[in-house]
Structure formats: structure tokens, C-alpha cells
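A.B. asks: Chains H and R are the protein sequences, given in the same order.
Residue 1 is where the first sequence starts when you use full-length UniProt numbering, and the numbers rise one by one after that.
Residue 1 is where the second sequence starts when you use full-length UniProt numbering, and the numbers rise one by one after that.
Among the hints, erroneous ones may be present.
When chains are identical, the list treats them as one kind, so a pair holds in a single copy or across two.
What the hints assert, rightly or not - Taking lysine to any residue pairs in the SDA-like style, the calculated list, with each CA pair at most 20 Å apart, reads: (1) Lys75 to Lys183; (2) Lys75 to Ile180; (3) Lys72 to Asn198; (4) Lys200 to Glu148; (5) Lys126 to Val93; (6) Lys72 to Leu308; (7) Lys75 to Ser192; (8) Lys75 to Ile187; (9) Lys52 to Arg71.
To be clear, the hints were calculated from the coordinates, so they are not data collected in a lab.
2 protein chains.
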Amino acid sequence: MCVLIHMGNQKRTLHLNLFLSSLGHHEAAWRHPSSRVEDIIDFSRFQRLAQKAEQAKLDSLFLADRYATSRKAVKYGAISGLEPLTLLSALAVVTSRIGLIATVSTSFNEPFNLARRFASLDHLSKGRAGWNIITSGTDGEAQNFNYERIPEHHLRYERAAEFLDVTLKLWDSWETDALIQDKASGIYADNSKVHEFNHKGKHFAVRGPLNLPRSPQGRPLLVQAGSSEDGKDFAARYAEAIFTAQQSLADAQAFYADVKSRVARYGRSPEQVVILPGICPIIGESEAEAKEKEAQLHELTHPAYSLLQLSNRIGYDLSSYPLDGPLPELPATEQIAGHQSRAQLIRNLAERENLTLRQLLLRLAGGRGHRTIAGTAEQVADELEAWFTQGAADGFNIMPQLTNGGLEDFIDQVVPKLQQRGLFRTEYTGHTLREHYGLDVPANQFASAPQVH
Amino acid sequence: MCVLIHMGNQKRTLHLNLFLSSLGHHEAAWRHPSSRVEDIIDFSRFQRLAQKAEQAKLDSLFLADRYATSRKAVKYGAISGLEPLTLLSALAVVTSRIGLIATVSTSFNEPFNLARRFASLDHLSKGRAGWNIITSGTDGEAQNFNYERIPEHHLRYERAAEFLDVTLKLWDSWETDALIQDKASGIYADNSKVHEFNHKGKHFAVRGPLNLPRSPQGRPLLVQAGSSEDGKDFAARYAEAIFTAQQSLADAQAFYADVKSRVARYGRSPEQVVILPGICPIIGESEAEAKEKEAQLHELTHPAYSLLQLSNRIGYDLSSYPLDGPLPELPATEQIAGHQSRAQLIRNLAERENLTLRQLLLRLAGGRGHRTIAGTAEQVADELEAWFTQGAADGFNIMPQLTNGGLEDFIDQVVPKLQQRGLFRTEYTGHTLREHYGLDVPANQFASAPQVH
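Construct the entire structure; sequences and hints are all you get.
C.D. replies: Below is the structure:
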């Protein structure tokens with residue numbers, strides 16, 4: 001029943017990331033009787049979730065991010081909105097092993113600030129920081145940062161690539177052994193190992209060095225989630241972990257093979273990139289009970305809000321279309337300034353299953369395009385094992401529909417089954433996020449001598 | 001002996017802010033035998049300091065910031081470099097009452113990001129966030145943010161003023177009672193109380209609202225430290241607490257009177273602005289022992305490093321001048337792009353006391369222009385009382401020369417004397433930073449009805 005792939009002497013095990021949300025990933029989670037909506041922004045709620053995930057030996061916690069909301073959206077949509085790096089810096093203090101992955105956009109930040117804040121979190125957490133790199137995709141966000149429209153897709157990725165180059169230079173600007181700290185001579189650092197690299201490019205001019213010595217991981221783990229052509233190439237070039245939304249095993253296998261081969265084309269080892277599809281588990285004593293739980297959440301959705309969310313996501317206003325008609329013809333993927341790959345996934349889903357707009361909205365209410373598995377703990381574990389062993393995933397980005405109840409169900413019922421099958425760790429063996437994911441510390445581009453980390 | 005000024009029925013008491021540094025404010029602190037330089041970036045060190053300050057009922061903790069270092073500077077200068085908001089977010093979790101003031105520059109950030117991060121910290125800490133507003137003043141910093149030179153003084157302040165306007169709009173964009181969270185109807189927020197304000201100015205275009213409901217203090221406490229003409233006007237218009245470097249009682253009194261009258265000219269109440277000069281205490285059993293401690297630290301300085309620091313501070317290269325000659329003629333204050341008021345203070349100090357460059361460097365080694373008081377705990381308490389009761393200060397920004405030893409000396413020996421004299425609280429009476437400083441919550445500019453906070 002349990003198929004294990006062996007890589008050398010190392011048994012391949014899967015990775016689990018908890019995608020944190022305040023009350024749950026389902027858009028109606030806040031209305032569920034179990035949700036304490038009045039505490040939505042309370043830190044103690046996040047602390048409890050983080051500690052629960054760490055007790056279960058999960059690899060990491062992850063926070064997504066957007067840079068806008070609107071008067072329309074807040075009417076029906078629960079907003080917590082704590083800035084990810086701020087919240088993860090606080091969570092670093094109440095956890096000791098679990099990784100901490102924050103989403104920050106390259107379109108609305110400066111490399112020096114971003115490099116420093118992640119290096120600070122990596123120091124604070126003793127090597128547990130990860131950066132989920134996004135380029136952001138909506139006009140609403142752009143309008144909070146001096147633009148009228150979101151810059152075009154390929155321009156955002158062009159800026160992102162230079163942003164990454166500069167950020168990597170900043171993280172490498174202190175070699176590991178640059179600190180001398182010799183009280184007798186008064187020499188603090190060997191400044192032949194501290195680099196003013198003077199980057200001058202199309203988007204950025206940054207002298208360096210960073211004003212913070214090298215952090216425990218050298219550089220934080222780099223995570224990426226774009227699945228468009230630009231996004232996949234970017235991921236293949238830079239990412240060490242990839243979040244992705246995949247609705248079927250076949251699609252997930254195709255994505256997995258595609259990205260791993262792109263990684264190899266950039267001269268990197270495919271094993272050094274971990275692919276983690278999102279999964280929205282809904283667990284019941286029986287499959288019927290799980291489906292019933294899902295239906296109960298679906299009943300709490302507001303179609304007007306769901307439609308607004310979908311319109312924002314694909315960058316196309318759907319508010320004038322009848323809910324019981326089909327998804328209308330959308331602009332070609334390349335015409336979409338925003339999240340191209342998600343728009344494509346949604347179009348494919350509606351077409352393949354011949355969904356009305358109303359049905360589509362419900363399919364997206366739980367995971368915004370990520371796959372929902374409603375079933376028993378055994379069924380969920382079987383599905384994860386199948387994807388893991390059949391070339392579709394190296395692990396999963398877990399998106400509980402409800403925090404109160406749903407998250408506990410996954411951790412208390414599914415994780416032990418994965419452990420019993422030998423698919424998931426029962427103790428942490430590493431201390432850093434990179435160690436949890438089995439990834440090497442990249443070499444320092446400025447180091448002349450071999451590096452010891 | 002103890003002169004108390006009464007304001008109505010409220011006895012006026014002073015405020016104490018701890019200016020946090022890793023190993024101490026003296027530039028040679030890291031070389032002192034008591035300093036654990038190998039732990040300079042370790043969070044547990046900051047945690048211990050923060051908790052010690054909170055046990056002593058101090059009003060707040062404060063972190064300064066710069067956005068650059070250089071190969072020259074790191075050779076001799078200890079760098080810790082954790083980004084202030086990151087560190088204070090972590091400290092928020094291990095403290096419960098003390099205020100948390102982070103320095104962030106308006107020249108190298110975007111209002112939306114800054115407003116959100118401070119609101120996040122204010123939520124996390126349940127109303128303890130403060131922002132020390134700086135415009136930054138060195139070319140080295142500008143060169144990490146796409147500039148060749150630091151923008152001119154008045155341009156930085158022009159951007160800062162618009163930055164503040166936008167940031168205040170963002171913090172006010174959610175009225176206090178905008179959240180409905182009604183599960184039955186599915187209405188999350190009363191969006192007539194959430195504002196898309198569409199700011200369009202010279203430097204910024206920001207639509208709003210913030211994607212985070214109003215924080216406990218409404219807006220974080222606004223702190224400012226510029227003492228130039230531009231800086232004082234900016235402070236009078238916006239600041240609720242002001243840090244300042246003053247070398248003599250007379251100068252401090254003049255600054256105090258000047259700023260309070262400017263505050264009144266902007267139609268604000270002078271009592272609603274708290275002025276806090278920096279003080280570097282060095283405490284001994286006797287005055288002679290304190291002076292000996294100071295001399296011991298001075299002996300550990302490197303003149304080359306001190307000179308580099310001074311050159312950076314005043315924006316004028318002094319490396320070719322003889323150490324035993326006088327401070328050379330400097331450009332007129334208005335010609336200085338960087339920190340004008342500090343340059344003026346340093347010039348005045350050298351002139352008034354007829355100091356050689358070498359002597360001047362030692363006078364600046366401890367507090368970079370802030371006043372050092374080396375004496376017994378009784379003498380330090382007397383000096384603080386004198387400034388407080390004679391119209392020079394509403395409290396103090398405490399800058400221990402050494403963290404190990406010096407900070408404890410102040411808290412264990414000076415604070416109890418101030419408490420015995422009825423000059424400082426023995427218990428917190430408030431919960432928010434604004435309550436500690438006795439400052440009102442400002443009205444929301446978008447609220448139509450009277451606000452209840």
C-alpha cells in the first residue's frame with residue numbers, strides 16, 4: 001500500500017507547509033459557528049496555530065499577501081491584514097523549529113529594505129526565514145503605489161529578476177567569516193570580506209553592503225508561486241520551493257515535470273527545488289460528513305462577494321453576467337495583466353466540468369483555485385500519498401477551510417497517518433528551514449575561498 | 001529639594017524612554033570586557049533589556065536606524081543592524097506594557113507599506129507602537145536606494161510632509177466602528193465607514209483604504225528628532241514626542257521654549273507634545289569612579305573610526321585634518337545636505353569649549369552629540385530633576401554607554417531615586433504608549449460622528 005521512492009540511502013519523505021489564515025481559507029469561514037470572528041486580528045490566535053503546527057513537526061508556516069482592499073470587498077469579506085513579516089517576526093519568538101515564509105512583492109518594495117528585513121527575520125529565528133516572491137497582479141494594489149494600472153506582466157517579471165539579483169548580492173555582501181570581533185586590536189570585521197558591489201541596472205542602483213552581517217541560512221529560502229510561462233521560468237531560475245494550484249493529478253504531473261526540466265535547463269539540480277501544490281482538506285468521519293461540511297460552508301457564501309473576488313483574481317469584471325449562465329469568453333491569457341496562470345486554471349476548470357458561473361464560484365470559494373479534498377482522514381492521506389509517489393508533488397501547502405476544527409482535524413488525523421506510512425517526519429532532524437526541506441546552502445557569489453557554513 | 005509643577009490636579013511626572021542598542025551607545029562599547037560581542041545580534045539579549053526596562057515601568061523602548069554601512073565603517077565599528085520594526089515585533093510578544101518606538105525613514109519607503117507595518121505592530125502589541133520619523137541624511141544611504149546623492153534637506157522634508165499626510169489618511173481610513181462582523185447577515189464591515197480617499201500629490205498617489213482595520217491607538221505615536229528649522233517646524237506640526245540632543249541646560253531650555261511655541265502656532269496644545277533630550281548616563285559609586293569608567297571607554301576608541309563617524313554625521317570629510325588641531329571651518333549649516341542641526345550642535349560644542357579635533361571625537365564617542373552625565377546615581381537624578389523642573393525637558397531618552405552594567409546601573413540606582421522623589425511612576429496606569437505619555441487619541445479626519453475609542 002505504501003510506495004516509497006529511495007534516493008541513495010535517504011528515504012524520500014514529503015514536506016508539509018501550513019498556509020496560515022486567521023479563521024480559515026474558505027471565503028465564508030468567518031461566518032461559521034466555530035469561528036471567533038471578534039478575535040480575527042488577535043495575535044494569540046496565530047500563536048496557537050503556529051505552535052500546533054510545530055508540535056506536528058510541519059516544515060513551515062506561510063502567509064500570503066495583498067497590498068489593497070476596497071470598500072466593496074470589506075462589506076462581505078473578512079479581513080485580518082496583519083503584514084506577514086511583522087506577524088512572522090512575532091511568531092519567531094514563540095516557536096523554535098518551524099520555518100517562517102512571508103510573502104512580499106517585488107513590485108512595491110525596494111531590494112535593500114526587503115533584503116534587510118528577511119535577513120533580520122533569519123537572524124531572529126536562527127535560520128527559519130523564507131521569502132515567497134510575488135509580483136502582485138491587480139490595479140487596486142498598484143493604485144496604492146503611485147500607479148494607475150498594474151504594470152504589465154513581463155515588466156513585473158523583468159523588475160522581479162533584477163530585484164532578485166540585487167537582493168542576492170545584498171545577502172552575499174557579508175561573507176560568512178567576515179566578522180572578526182577582536183577586542184584587543186579593535187578590528188570588528190575583515191572588510192576584504194564585506195562587499196560594496198555597486199549594482200547599477202535598469203530598475204535599481206544599489207551600492208551595498210547590507211548593514212547586517214550574513215544570516216544563519218546565508219540567504220532565506222526562496223519560494224515562488226507564479227505558474228505562468230514567465231512565472232515558471234522565474235521559478236526555475238531562482239526558487240527553492242514552489243507553491244502551485246493544481247486541480248487534477250494529470251495537470252499536477254505535467255506541471256511537476258515541466259518545472260523540474262526547466263530547473264535542469266538553468267543548470268540547477270531538480271532535487272534542489274521542492275514542488276508543493278495547495279490542498280484544501282475537509283475531513284469527516286465519513287466522506288458524506290465531509291461533503292456535508294463543505295456544503296455548509298458553501299451555503300454561507302455571498303455570490304456578490306465571490307464574484308468580486310473572481311473578477312479581481314482574473315482582472316476582468318464579471319459583475320454583469322448572469323450567475324446561472326456559463327463563464328463568459330475571457331480575454332486571451334497573454335492579454336491579462338494580472339494573475340495569468342490562475343485565470344487559465346479557472347477557465348480550464350469551468351470548461352472541463354461545464355460549470356455555470358454560480359457553480360464555479362462555489363468551486364473557488366474554498367481555495368481560490370487550489371484543490372479541495374473532502375473525505376475521511378484516510379482518503380486525504382491516500383490522495384496526498386498518490387500525488388507524492390506519482391510525480392505530482394514533493395509535499396503540500398495545506399489550506400484548512402476552517403481554522404477552528406479543520407486545521408486540528410488535519411494535524412490530529414491526517415499527519416499521524418502520513419507518519420505511520422513513513423512519509424512524514426516524526427521529529428525535526430534539522431534546525432533551519434532549508435534543512436527541513438533538504439536544500440543546500442547556496443555558495444556566496446563573492447567568496448573567493450571555499451565557504452564553510 | 002524636589003520642585004513639582006502641578007497641572008490641575010495631576011502631578012507632572014517625567015517620561016523615560018530607553019534607547020536600545022545591542023552592547024551600548026559608546027562607540028567602543030563592544031571592546032569593553034563586560035560586552036558579549038559574540039552575541040551582538042542575538043535576540044535574547046534584546047529580550048532581556050526590554051523586560052528589564054518594563055520591570056522598571058519605563059514608558060518605551062526606541063530603536064534608531066540607518067540604511068547603509070560601508071567597508072570602512074565595519075572595520076572598527078560594531079554593527080548589529082536588525083531592522084527596527086522586525087525586532088520590535090518580536091519584542092512585542094515578550095513584553096506587555098512598555099511602548100515600542102521604531103525609526104523608519106520617509107525617504108526610502110512607501111506610505112502604504114509603512115502605515116500597514118506600524119498598524120500591524122500596534123495591533124500585535126495592543127496599542128504600544130510609535131514611529132520615529134526620519135528623513136535620513138547621508139549619501140551612503142541614498143546610494144542603496146537609486147540615488148547618487150541624498151536629496152536636499154528641504155526636498156526630504158517636503159516629501160516627509162506629504163508622506164505623513166498620506167499615512168494619516170491610511171490610518172484614518174477605517175473608522176473605529178466600521179467593523180460589523182455580523183455572521184447572520186454576512187455583513188463584515190459598514191463600508192460607509194471605510195474610506196477610499198484617492199490621495200494624489202506631488203510625491204504620492206494612494207487610493208486607500210488600508211487593508212487592515214483601525215489599530216488600538218488609532219494611529220501610532222508620532223515621534224520626531226530633527227532639530228533644524230525644517231525639523232522643528234515638522235515636529236511642531238506632527239510630532240507627539242520629540243527626541244533632541246542638547247549639551248547644556250540653557251540650550252535645552254531654549255529648544256524647549258521654541259518648540260512648544262511653534263506647537264501652539266500650529267493650533268496644537270503644547271502639553272500634547274513631550275520633549276525628551278537624550279542623556280548618556282555613566283554611574284559610579286563616586287563621581288571619580290564614573291569619570292574613570294568614561295575614560296576607560298574613551299581609551300578603547302579608534303580615532304580613524306571616530307573621524308569617519310563624525311564625517312558621515314556632518315556630511316563633510318575630515319580625514320585629512322590633524323587630530324590635534326581645531327575643527328576646521330565647515331560649510332554653512334544651510335549648505336549641509338545631511339543632518340543640519342547635529343552639525344550645528346557639534347560646531348557650537350567645539351567652539352564653546354575650544355576643543356581639538358581629538359578632544360571633540362571623544363566628546364562625541366559616547367552619545368554622538370547627546371549629553372553625557374558621569375557621576376553618582378544621586379548626581380544623575382539631580383540633573384534629570386533640574387532639567388525636568390526648569391523648563392528643559394518632559395522626560396529623557398536614556399542612552400546607556402554600556403548595556404552590560406551601565407543599563408542596569410541606571411535602572412537599579414537612578415530610577416528608584418526618581419520614584420522616591422515622586423518624579424516617576426511606580427506602576428503603569430495606562431496600557432497604550434499614548435496613555436503612558438499622557439497624550440490623547442487624535443480625532444479621525446474622516447469620521448462624521450463623534451468618535452469613541
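A.B. asks: Looking back at the numbered hints, which does the structure fail to meet, lowest number first?
C.D. replies: Hint 9 contradicted; others consistent.
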